[in-house]
Structures are given as structure tokens and as C-alpha cells.
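Model the full assembly from the supplied sequences, consistent with the hints where possible.
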Amino acid sequence: MHLYIYILISCYYINATIIINNIIIKNIIKEEEEIKKEEEELEKKLKKEEVKEEVEEEVKVIILIN
1 MHLYIYILIS CYYINATIII NNIIIKNIIK EEEEIKKEEE ELEKKLKKEE
51 VKEEVEEEVK VIILIN
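The numbering of the sequence shown is our numbering, which starts it at 1 and goes up by one.
Take these hints with a grain of salt, some might be off.
Pairwise CB distance ranges, derived in the manner of DEER restraints [claimed, not checked]:
1) 29 x 8: 28 to 34 Å
2) 54 x 16: 29 to 35 Å
3) 8 x 28: 29 to 35 Å
4) 2 x 41: 57 to 63 Å
5) 9 x 31: 53 to 59 Å
Only pairs whose alpha carbons sit at most 25 Å apart, straight line, appear in this in silico BS3-like list of lysine-lysine [said to hold, decoys possible]:
6) 45 x 26
7) 30 x 44
8) 36 x 26
9) 37 x 52
10) 60 x 45
11) 36 x 47
12) 48 x 37
13) 60 x 47
14) 48 x 36
15) 37 x 26
16) 45 x 30
What the hints contain is simulated information worked out from the structure, not anything from laboratory work. Predicted, not measured: the structure shown is a model, and the values here were computed from it. The beta carbon of each residue, even a glycine, is placed where N, CA and C say it ideally should be.
What follows is the structure, encoded as C-alpha cells:
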């Protein structure tokens with residue numbers, strides 16, 4: 001009888017551990033997705049800044065030529 005109770009408790013412990021690990025993994029995946037979104041936004045901002053700088057340089061060149 002004691003062995004049965006021990007095995008039952010062990011199974012509950014293993015199931016609880018698996019559930020907790022799944023929750024942790026889901027949270028990590030969500031964080032990674034958020035980081036990817038932030039990276040994409042930063043890349044867009046960087047591209048906008050680069051384009052803005054290029055346009056400013058071209059405008060300066062045009063002004064100097066005129």
C-alpha cells in the first residue's frame with residue numbers, strides 16, 4: 001500500500017513539474033516574440049533615419065550646386 005501511495009505521489013509530482021515547465025516555455029516563447037517585434041520596430045526606425053540622412057545629404061549637395 002505504501003508503494004502505491006509513493007508511486008501516486010511521484011506521478012502527481014512529475015505531472016506538476018511538466019505543467020510548470022510548459023508554462024515557463026510558453027512565457028519564454030512570448031518574450032522572444034516580443035523581442036522580435038521590438039527588433040523589427042527598431043530596424044524600421046533605423047532605416048527611416050538612414051533614409052532621412054541620405055535625403056539631407058542630397059539636399060545639401062543640391063543646395064551647394066545651385
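Evaluated hints:
no., hint, in the structure
1, 29 x 8: 28 to 34 Å, "32 Å, holds"
2, 54 x 16: 29 to 35 Å, "57 Å, violated"
3, 8 x 28: 29 to 35 Å, "31 Å, holds"
4, 2 x 41: 57 to 63 Å, "59 Å, holds"
5, 9 x 31: 53 to 59 Å, "33 Å, violated"
6, 45 x 26, "29 Å, violated"
7, 30 x 44, "21 Å, holds"
8, 36 x 26, "15 Å, holds"
9, 37 x 52, "23 Å, holds"
10, 60 x 45, "22 Å, holds"
11, 36 x 47, "16 Å, holds"
12, 48 x 37, "17 Å, holds"
13, 60 x 47, "20 Å, holds"
14, 48 x 36, "18 Å, holds"
15, 37 x 26, "17 Å, holds"
16, 45 x 30, "23 Å, holds"
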